[in-house]
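J.: Taken in sequence, the protein lines are chains A and B.
Start counting the first sequence at 1; every next residue gets the next number (the working numbering).
Start counting the second sequence at 1001; every next residue gets the next number (the working numbering).
These aren't lab readings, by the way, just hints derived from the structure by calculation.
Just so you know, not all the hints are guaranteed correct.
Claimed, not checked - Not everything, but these chain A residues come out facing chain B in the computed CB check (under 7 angstroms):
1) G35
2) G39
3) L85
4) S129
5) H155
Quantities reported herein were computed from a predicted structural model and do not represent experimental measurements.
All residues carry an ideal CB built from backbone N, CA and C; glycine is no exception.
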Amino acid sequence: MVAPELEPETSNSILTLLSEVMDPEIPVINIVELGIVRGIEDGSPPNVIITPTYVGCPATDMIHEMIREKLDAHGYDHVEIKNQLSPAWTTEWITKAAHEKLRKYGIDPPGAHTPSCPRCSSTNTRLISEFGSTPCKSLHACKDCLEPFDRFKCH
Amino acid sequence: MNIAENYIGATTPSSPKTAYMLRLADNALILGQRLSEMCGHAPEMELDLALTNISLDLIGQAKLLFEHILTLEDLAPNADVLALTRPQDQYTNLLLVAQPNVDFAHIVLRQYLFSTMQKIQYEALLGSSDKTLAAIAEKSLKEIAYHIRFAKSWVLRLGDGTPESSERMADALDCLWRFTGEMFERDNIIEQAEVSGLSTDFTSSYEDWQMEVKDGLAEAGGLVAPEVGQMIMGGHKGQHDEHLGHILSDMQFMQLRHPGLQW
Ligand SMILES: [Zn+2]
Chain A
1 MVAPELEPET SNSILTLLSE VMDPEIPVIN IVELGIVRGI EDGSPPNVII
51 TPTYVGCPAT DMIHEMIREK LDAHGYDHVE IKNQLSPAWT TEWITKAAHE
101 KLRKYGIDPP GAHTPSCPRC SSTNTRLISE FGSTPCKSLH ACKDCLEPFD
151 RFKCH
Chain B
1001 MNIAENYIGA TTPSSPKTAY MLRLADNALI LGQRLSEMCG HAPEMELDLA
1051 LTNISLDLIG QAKLLFEHIL TLEDLAPNAD VLALTRPQDQ YTNLLLVAQP
1101 NVDFAHIVLR QYLFSTMQKI QYEALLGSSD KTLAAIAEKS LKEIAYHIRF
1151 AKSWVLRLGD GTPESSERMA DALDCLWRFT GEMFERDNII EQAEVSGLST
1201 DFTSSYEDWQ MEVKDGLAEA GGLVAPEVGQ MIMGGHKGQH DEHLGHILSD
1251 MQFMQLRHPG LQW
């Protein structure tokens, strides 16, 4: 059997579909912005390559199902989803556009910057715990507005 | 919910390669299960989150390893059956990871001793002849770095804290140190893992590990590892103490009661 050529348009429309799949735990950013969609691999069948953020992240299975549903609903039921562990996911793969969305959502985006309060922008903060509400976030408190906030851990 | 009609169980690995990976998986599974007992019981909410997050990381590692093992050898119909149906003497985890959550000092010290070893053990897999195993190690190492930071910071705080906290740290050390020799024990399985290129030799780092950990302990209010006449071993051969039995009776209950159960 000859491997079907994956037209660039097809590959693009799959990517567009995937950018409609939102992260179940941070519903303001999609899985393409989050950097877990590594690409569409041509072949028979074609594969969507995804890289999990954390190995034990319960959202990984859910994201898998959401992608499956999306693909099936748009006639891409022959496209398979392939998990790729290496190279390991890093927060550097989160797009800059997603950083702004995270801040607006109340999460300090990852990066080398001093932790800053997503509400009042103060950098006068303290770390409460390196382990926050989900594996990818740490918990901080703002000493100016006194609100607690999550920060995306550099990983 | 699906339940199988006939008994299904896991079989013992026949290749040294899968046997070695099963050790790694069992360590992660049993320590993950042990830590999950703390859900809702840690001294404060942030610590509750930390311990359960570490538990989740470890169970995630175990899941990847069990699933990978099954692609190499048909030991069970799925990862749940492999993880949850073996008799006690078929688990090859270290004795250390099954030790009970006596108090918070025991919990953080156990984590410190284990994670510092696990880092060395997984670094030895990065150039593995098995690319999937190398990828699992690469991914896990990012998480292990957090586990070490968390555990070490608490060993320091408690060891260098109040008279009571440092006494509890010292008690935990007296209790757990005797299980550390096993982490670097050499045997046939590990030698074959090295010969086949699955792992490089990490056991030769035993002295470096001891130095690193003893320095950490000294920093923690001058804790000193006890002199141990003979390290306690046996986990690799499936010779466990009663603590693993208690974990298994809890962890295996649903799979054994309803074989093949899937949610
Ligand atoms: Zn603020």
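J.: Going through the numbered hints above, which ones does this structure break? Give me the numbers in ascending order.
T.: 1, 2
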